[in-house]
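Protein sequence lines, in the order shown, are assigned to chains A, B, C and D.
Using the UniProt record's numbering, the first residue of the first sequence is number 1, and each one after it goes up by one.
Using the UniProt record's numbering, the first residue of the second sequence is number 1, and each one after it goes up by one.
Using the UniProt record's numbering, the first residue of the third sequence is number 1, and each one after it goes up by one.
Using the UniProt record's numbering, the first residue of the fourth sequence is number 1, and each one after it goes up by one.
Keep in mind that the hints are not guaranteed to be accurate.
Only pairs whose alpha carbons sit at most 20 Å apart, straight line, appear in this in silico EDC-like list of lysine to aspartate or glutamate [claimed, not checked]:
id: 1; chain 1: D; residue 1: 68; chain 2: C; residue 2: 413
id: 2; chain 1: B; residue 1: 68; chain 2: A; residue 2: 414
id: 3; chain 1: C; residue 1: 68; chain 2: D; residue 2: 209
id: 4; chain 1: C; residue 1: 36; chain 2: C; residue 2: 413
What the hints contain is simulated information worked out from the structure, not anything from laboratory work.
Note that this is a predicted model, so its numbers are computed, not measured.
4 protein chains.
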Amino acid sequence: MDLPLNVLPAKTDGRFPGLAIGTSYAAGAGPAIQPKSPIDGAVTAEVGTASPDDVGKALEAAQQAFLKWRAVPAPRRGELVRRIGNLVRENIDDLAKLVTLEAGKIPAEAQGEIQEWVDVCDFAVGLSRQLYGLTIASERPEHELVENWRPLGPVGVISAFNFPAAVWAWNGMVGLVCGDPIVWKPSEQTPLISLACHEMVLRAAASMDDVPADVSSVVLGAADAGQALAEDPRAKLVSATGSIPMGRKVAQTVGARLGRCLLELGGNNGMIVTPSADMEMAVRAIVFSAVGTCGQRCTSLRRLIVHKNIANAMAERLKKTYATLPIGDPTKEGVLVGPLVGEAAYKQMRDSIAQAKDQGGELLCGGDRLESGAPEGGFYVEPAIVRMPAQTEVVLTETFAPLLYLLEYETFDEAIDLHNGVPQGLSSAIFTGDMREAMRFIGPAGSDCGLANVNVGTSGAEIGGAFGGEKETGGGRESGSDSWKQYMRRTTSTINHGAELPLAQGIVFGE
Amino acid sequence: MDLPLNVLPAKTDGRFPGLAIGTSYAAGAGPAIQPKSPIDGAVTAEVGTASPDDVGKALEAAQQAFLKWRAVPAPRRGELVRRIGNLVRENIDDLAKLVTLEAGKIPAEAQGEIQEWVDVCDFAVGLSRQLYGLTIASERPEHELVENWRPLGPVGVISAFNFPAAVWAWNGMVGLVCGDPIVWKPSEQTPLISLACHEMVLRAAASMDDVPADVSSVVLGAADAGQALAEDPRAKLVSATGSIPMGRKVAQTVGARLGRCLLELGGNNGMIVTPSADMEMAVRAIVFSAVGTCGQRCTSLRRLIVHKNIANAMAERLKKTYATLPIGDPTKEGVLVGPLVGEAAYKQMRDSIAQAKDQGGELLCGGDRLESGAPEGGFYVEPAIVRMPAQTEVVLTETFAPLLYLLEYETFDEAIDLHNGVPQGLSSAIFTGDMREAMRFIGPAGSDCGLANVNVGTSGAEIGGAFGGEKETGGGRESGSDSWKQYMRRTTSTINHGAELPLAQGIVFGE
Amino acid sequence: MDLPLNVLPAKTDGRFPGLAIGTSYAAGAGPAIQPKSPIDGAVTAEVGTASPDDVGKALEAAQQAFLKWRAVPAPRRGELVRRIGNLVRENIDDLAKLVTLEAGKIPAEAQGEIQEWVDVCDFAVGLSRQLYGLTIASERPEHELVENWRPLGPVGVISAFNFPAAVWAWNGMVGLVCGDPIVWKPSEQTPLISLACHEMVLRAAASMDDVPADVSSVVLGAADAGQALAEDPRAKLVSATGSIPMGRKVAQTVGARLGRCLLELGGNNGMIVTPSADMEMAVRAIVFSAVGTCGQRCTSLRRLIVHKNIANAMAERLKKTYATLPIGDPTKEGVLVGPLVGEAAYKQMRDSIAQAKDQGGELLCGGDRLESGAPEGGFYVEPAIVRMPAQTEVVLTETFAPLLYLLEYETFDEAIDLHNGVPQGLSSAIFTGDMREAMRFIGPAGSDCGLANVNVGTSGAEIGGAFGGEKETGGGRESGSDSWKQYMRRTTSTINHGAELPLAQGIVFGE
Amino acid sequence: MDLPLNVLPAKTDGRFPGLAIGTSYAAGAGPAIQPKSPIDGAVTAEVGTASPDDVGKALEAAQQAFLKWRAVPAPRRGELVRRIGNLVRENIDDLAKLVTLEAGKIPAEAQGEIQEWVDVCDFAVGLSRQLYGLTIASERPEHELVENWRPLGPVGVISAFNFPAAVWAWNGMVGLVCGDPIVWKPSEQTPLISLACHEMVLRAAASMDDVPADVSSVVLGAADAGQALAEDPRAKLVSATGSIPMGRKVAQTVGARLGRCLLELGGNNGMIVTPSADMEMAVRAIVFSAVGTCGQRCTSLRRLIVHKNIANAMAERLKKTYATLPIGDPTKEGVLVGPLVGEAAYKQMRDSIAQAKDQGGELLCGGDRLESGAPEGGFYVEPAIVRMPAQTEVVLTETFAPLLYLLEYETFDEAIDLHNGVPQGLSSAIFTGDMREAMRFIGPAGSDCGLANVNVGTSGAEIGGAFGGEKETGGGRESGSDSWKQYMRRTTSTINHGAELPLAQGIVFGE
């Protein structure tokens with residue numbers, strides 16, 4: 001695949017920059033890296049990385065940019081995002097190509113990911129004339145009580161390989177509108193799309209005269225760069241997407257300095273299928289949720305909880321459908337299942353299947369690496385389904401691969417208990433035609449996840465709602481609804497415009 | 001002072017219980033304590049304490065209560081809080097008496113604290129028919145997108161001696177309405193008022209037939225009880241009020257288990273007084289903010305930043321006013337300044353004054369312990385003012401006592417820089433007659449605190465606004481506005497009621 | 001029935017006052033009236049009435065009270081409402097008794113009506129610390145954009161006999177909290193409960209020192225009093241509940257002076273029952289909705305739209321249930337169906353049944369006046385069901401009596417068309433177990449009513465939601481949600497605190 | 001001036017169409033009109049008009065389009081508006097040219113008007129993923145309470161000559177996003193810009209495959225076309241901007257059919273200037289507000305209320321500034337004051353000045369028609385200032401011309417009384433440096449207008465706030481904030497997903 005150089009910064013000494021602070025690109029003081037495409041294991045490019053020290057430089061530049069950016073009216077900040085959105089629309093094919101190259105997604109999903117960026121731009125532009133605070137009825141005469149939301153400061157974004165553009169876009173577009181510069185530590189797997197994203201911001205910023213370019217920076221690098229970001233008090237918010245152990249680390253590091261973090265960690269997403277479900281729709285949703293992005297979405301379906309009366313039929317149906325799934329090089333027309341990100345993922349999948357069998361599971365289909373029909377250097381696997389007699393230990397952990405556990409339930413309460421009986425809490429779904437079941441599932445004693453869908457799969461959220469999860473998923477919310485509040489600081493002001501000084505709660509002090 | 005036994009549970013073996021789980025009182029497995037009243041150093045009562053193990057019991061009971069409580073409609077939960085409010089109104093004198101006894105507050109302030117409880121009851125009752133989620137426009141035909149807020153689970157509350165009832169009331173009344181049982185670890189200094197608070201809940205609960213009594217529990221104890229609360233995953237939210245070091249500990253502990261916390265930590269609250277200020281009002285506000293509760297509010301005024309043209313006049317005026325402050329036994333009519341909580345606080349104040357002098361400060365007045373005119377066992381001090389040539393190190397830390405630093409500024413920008421130049425970010429104020437200064441102070445480049453008042457002192461917030469602060473203050477928000485959201489979990493649901501299964505972002509998968 | 005004199009003002013010359021302006025009661029310059037109880041047609045009391053001129057006096061007093069009341073902080077206004085709520089709780093039996101006497105409701109429903117008042121008090125108290133306006137991101141540097149909600153002025157309330165207390169309470173409790181005095185023109189049928197309601201306000205007001213008593217007044221009288229209220233520009237809002245012709249009149253009158261009105265007019269409420277409905281629940285809901293308050297609620301069920309496959313079964317079941325309904329003196333234990341309000345209502349019911357038969361309907365049951373077993377002077381009828389072959393003309397109009405039309409449908413679209421094919425748009429319901437039908441019913445192409453319930457009858461709304469309807473129902477919304485905004489005026493303020501004067505939309509004018 | 005034909009539809013028989021229903025253009029059954037440009041009185045074009053019958057056709061087409069449009073997801077509706085916005089950006093010069101030609105605005109203001117359209121597009125696009133309803137805590141177990149906002153139906157827009165594009169854009173862009181087709185009756189003075197606006201919608205609609213073109217139509221015509229629109233029940237909302245008498249008519253007509261209207265009528269806008277005001281800024285704001293658009297904005301400044309100590313100085317200063325105002329052909333570089341719309345306006349101005357003198361006023365400057373230096377056929381006047389001894393009758397009415405009354409005040413209360421002492425309530429401003437005055441002005445006892453600015457003139461609102469006014473201004477709100485709710489219908493739904501049927505208010509009926 002030819003690199004779409006027109007959306008990328010220039011190389012220096014044959015190497016893409018590892019550090020981008022506004023318009024200033026540098027190799028970065030860290031070691032160079034040579035990420036490999038999941039498609040065929042070929043090196044995509046040589047890229048520099050940032051050292052922890054470089055991270056500090058980026059944050060310092062962001063802090064300086066912040067002092068200007070916070071004074072730019074929010075609708076002007078929205079204008080920047082609107083222009084970014086237009087540039088992204090124009091370059092959607094090239095940007096999607098990089099997502100395919102570095103993350104291995106099929107083009108439809110890669111384009112879908114970039115479309116999320118476009119969508120969140122539209123949303124954030126609208127937001128830029130809102131950012132609503134409240135005026136509140138004060139208990140004291142001639143007093144006003146008011147809450148304002150003000151820019152927070154530099155935001156550190158740590159993202160993972162599987163949504164190499166959208167996660168940053170969610171944070172970045174909203175953060176920019178909120179008045180915050182963004183310092184981004186992407187996955188080492190996906191440096192090029194990161195640089196391209198940054199380029200879009202730079203180009204939009206260059207078309208306006210009141211945007212400090214340093215509102216965007218990228219620090220490529222390994223875990224130590226992320227750690228440097230988490231430790232630095234200049235990063236007023238650290239928004240981290242990735243594994244649960246990574247999240248724990250970030251939470252403790254940021255907690256120790258009493259900073260703010262926004263965590264989107266692992267899911268172990270379940271779907272309940274009840275007897276009244278529209279089976280045709282359910283199967284389509286299961287397949288997209290379980291094998292889309294080769295099972296490597298944080299919202300991928302991992303646990304299918306089916307009523308015992310329809311479990312056998314469901315198993316048969318899924319086996320039949322899985323048997324026909326086109327697996328292979330994602331750039332090939334018609335392919336739906338691309339590669340795993342790399343060997344470790346493949347091993348984890350194999351191990352999990354082995355454990356599942358040990359714990360009583362029956363492998364219904366899949367699990368093997370493709371021997372032919374796909375590029376050799378990539379890890380292409382047949383999506384697997386394992387029917388489990390119970391929700392055993394292996395089912396309680398997230399395996400980041402197209403591995404689906406099939407469980408049975410008898411009563412609806414049992415289905416809910418199974419569903420909620422894992423430590424993660426990101427996405428969930430029910431397929432049912434019954435309004436009571438539907439409402440119970442989204443009710444106070446229903447799914448304990450951040451996302452709880454009805455007759456919609458677990459993956460593929462719209463940007464208008466708040467995205468994120470509970471329990472070990474980390475509790476953060478990104479994208480729509482009131483997620484923007486996390487990117488701002490709130491002041492509550494009582495304003496006395498009278499000539500008296502009454503105290504709250506009617507206290508009389510010394511008169 | 002006679003104990004108001006009618007608001008307290010019975011003693012067993014001469015000792016008040018250290019563990020209260022709903023209606024079940026026990027000594028607790030921890031060692032007995034003998035807290036002393038700040039008024040005279042006399043032991044107020046012998047009280048049991050809970051062991052870390054007891055904390056687990058309380059949380060387990062809370063979890064069981066939660067399963068029932070979350071299914072009780074919110075307006076019914078509001079009815080519980082309404083009845084609590086009525087009981088508190090009826091018993092306000094006795095409850096205030098305990099606050100005075102254990103925390104040393106003058107009656108006006110003790111009553112004010114209880115009044116906050118009453119106010120937050122009214123607010124929470126109204127909230128119980130709101131708890132508004134959103135319906136959102138979906139991008140897909142025949143889909144609904146909706147956010148619901150559901151009960152979260154047991155809430156652990158850790159509170160400090162200086163607001164021994166109100167902080168719990170803020171968390172508890174809102175938490176109860178949100179469907180969450182409350183497990184409270186109060187200060188060891190103030191066990192009796194804690195037990196009385198719990199009693200009010202029990203009595204209100206007993207008057208209804210659908211309230212599990214275990215929605216309230218109290219675990220008296222030392223730091224290890226608090227630590228047990230912070231560690232336990234059953235405490236879905238840990239709301240902690242107290243010192244910054246304590247907060248760091250809680251943030252890390254809760255972060256390690258990816259739990260949720262709400263921190264209200266130290267302030268180092270400043271007030272800017274500009275030349276156009278109404279001096280009469282400013283002085284009144286300064287005095288109440290700086291010496292009220294003997295300078296032991298988290299919102300107490302600690303730094304006074306005065307324009308250089310009026311600094312001398314202000315210094316004189318304050319000295320004169322301070323000289324007339326009635327200090328002494330808070331139960332005595334007319335007294336405005338009661339005791340410090342104990343010897344350690346007194347030593348810290350003395351040390352800070354000494355350091356301030358070393359760092360160039362001039363002691364304008366105060367700082368001595370009263371030699372006569374106050375009960376002997378208490379630590380009664382003359383509120384102090386130290387005029388500082390610059391914002392030196394000692395000024396950057398919070399001294400929990402009536403010690404006010406006076407600083408000068410020349411330009412408004414300088415005033416803001418001084419003001420924001422400390423690591424804490426709770427409360428702040430400006431006194432000015434100038435609308436530009438007023439607006440700049442509460443604007444994006446103004447005060448970086450959670451509370452930013454105009455012509456109102458730093459202390460004494462109304463319950464209708466969100467209360468809390470930024471930076472090392474910890475970022476939590478309690479009481480009014482949308483603070484309730486922290487006590488609930490949010491689900492975002494996409495509901496498909498059509499016969500098609502369109503994917504978000506217009507993705508086409510395999511058709 | 002003995003009058004509960006303790007909740008009523010004193011008589012003068014054997015007559016209850018017809019004009020109450022705050023604490024000042026007078027006979028009123030209109031003719032005396034002698035309303036009759038629907039129970040037995042006996043005169044309940046002799047009562048004065050207000051002349052149009054008296055209405056002007058009440059409005060003038062309200063306007064003067066407004067100038068003070070608007071300056072009282074909203075939470076204090078909430079305290080008034082809280083105290084009213086407590087008085088209502090204490091006097092609920094006596095207040096309900098008056099509702100029964102004057103409107104003929106059975107005690108359970110009369111108490112339910114008073115309970116609505118209690119509920120709306122709780123809600124309004126909470127509201128009194130909210131009344132949230134917005135702060136908005138301005139497009140200009142150093143500008144703030146903010147919306148505040150301020151008290152509006154006197155509110156005229158016109159209410160009908162069937163909810164003689166609750167409608168006023170909805171308007172009044174919210175209006176008072178919003179800072180508006182209330183001038184009430186109740187139905188001539190129900191003067192006593194009106195006076196009692198006013199008394200509760202007076203007594204609560206008397207317990208506070210900052211409430212001008214003239215925030216409440218009652219002008220008993222006929223249509224000319226209502227007309228005077230509608231015409232007077234001092235009535236900043238006219239909230240009118242009643243018939244559609246009355247509403248048209250009010251809308252035109254208030255429109256001519258460019259005033260604001262809030263209309264709650266007739267409904268012609270329908271329920272769809274689909275094959276998957278829980279029949280047991282559906283029947284219970286139908287019966288309560290259709291015969292509760294003897295079919296004289298604005299939300300009473302008038303049209304039952306049943307799938308053809310279950311229509312016969314439904315008809316049989318309803319006939320059986322209707323046959324056992326206890327009809328008679330509402331004060332008698334066990335009675336569920338009390339009297340019509342008077343002879344005109346009875347005639348209208350009879351006429352409608354006759355027309356329905358003419359238009360092809362089959363009378364399934366009911367329609368006769370009771371010959372025995374009920375007080376003679378009252379109009380007690382057997383609730384009627386008429387099965388209609390189509391939605392003919394008579395079905396398109398509201399008959400304010402327990403007359404239910406039964407219609408059949410074949411496809412769901414047909415059901416919706418039938419449902420929406422009437423000019424009124426207040427309340428509606430569906431009974432179904434099917435989540436798609438449920439969601440379609442409440443969706444954009446579903447019920448066009450203000451209230452659209454699922455597995456809940458058409459009548460009996462909670463106070464937390466906005467209550468009201470579309471089309472000829474008049475479009476107003478009362479009670480919960482954001483209904484309060486109608487009782488306030490909004491100001492949008494742009495505040496410039498900089499030294500420049502930039503124009504919106506970037507206009508440059510003469511520089 | 002050459003007509004920018006590329007933004008206009010084709011002529012037929014030498015005439016522009018008078019009726020545009022989606023893509024279908026027709027002459028219209030009304031008489032042809034020949035509007036004259038205010039610039040020189042020359043006929044701009046011959047244009048057809050619609051008959052009342054044509055209005056019915058447009059509404060019928062709109063109603064049919066509505067049935068499709070309401071089912072298109074709101075974010076897709078937003079996409080239409082986004083594309084409209086882009087087309088407007090591309091054609092801003094041509095569109096502004098038409099505004100100048102037909103309304104006589106100077107190019108800066110004409111562009112500013114089109115920019116408002118662009119801005120409201122951005123806002124509405126964001127809104128298209130919001131349109132937030134509420135989920136509400138229900139008082140019944142296993143019940144959900146929810147409010148949804150659904151498309152309303154065809155919206156009739158009646159607009160005036162002075163904002164020939166923006167007023168429609170405010171209504172139209174928000175209405176389209178809300179799911180409502182728009183039927184527009186513009187001023188007879190400005191048919192061409194109306195047709196061009198419609199063209200932009202058509203072209204954007206043509207670029208999408210799910211937009212029924214009939215969501216937009218234009219019915220040119222006289223008052224009878226507007227009346228037909230107001231009367232027709234298919235126009236679910238009538239949004240009318242114009243004179244107070246027109247508004248009264250619309251309010252009564254729409255009221256008679258119990259429809260919904262949104263009125264933006266006359267203003268009589270005042271500004272208070274206090275001694276602490278920044279005089280330089282105040283003068284600039286006064287001049288732009290009073291003479292911008294030749295005093296023909298609904299928000300034009302008409303009453304200047306100045307503290308007596310600075311009144312003389314202000315008068316001198318304004319006279320000096322007015323003397324230098326470049327008046328004349330608006331297309332000429334540097335001109336700030338263009339023509340009045342026509343002779344009637346000129347006569348009204350002259351008459352008002354005469355009356356003002358009769359009522360004691362002193363003409364400080366202006367009032368004469370330009371004898372030279374401007375195109376002959378236009379009505380160019382010198383902006384006038386009349387100093388009034390009191391707020392006499394002529395001051396109480398709106399003269400739609402650059403005529404400013406100067407009044408003095410002594411106390412701040414007096415200033416407010418003067419300010420509020422007129423029947424209109426649109427826009428208002430204060431210039432002051434005093435924060436108490438600023439806050440009082442926007443407070444509950446301050447300005448009674450819908451817009452109340454501080455150190456910002458009366459005209460030139462941002463689109464993010466709600467725009468509109470109180471009293472005879474009609475009470476409607478357009479553009480930002482929650483104005484969109486007027487374009488939708490709300491349903492409040494109670495959803496029972498349990499197996500019980502509890503009644504609200506705890507009523508027990510027959511069990």
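Evaluated hints:
no.: 1; hint: D:68 to C:413; result: 15 Å, holds
no.: 2; hint: B:68 to A:414; result: 18 Å, holds
no.: 3; hint: C:68 to D:209; result: 59 Å, violated
no.: 4; hint: C:36 to C:413; result: 46 Å, violated
The structure shown violates the earlier hints numbered 3 and 4.
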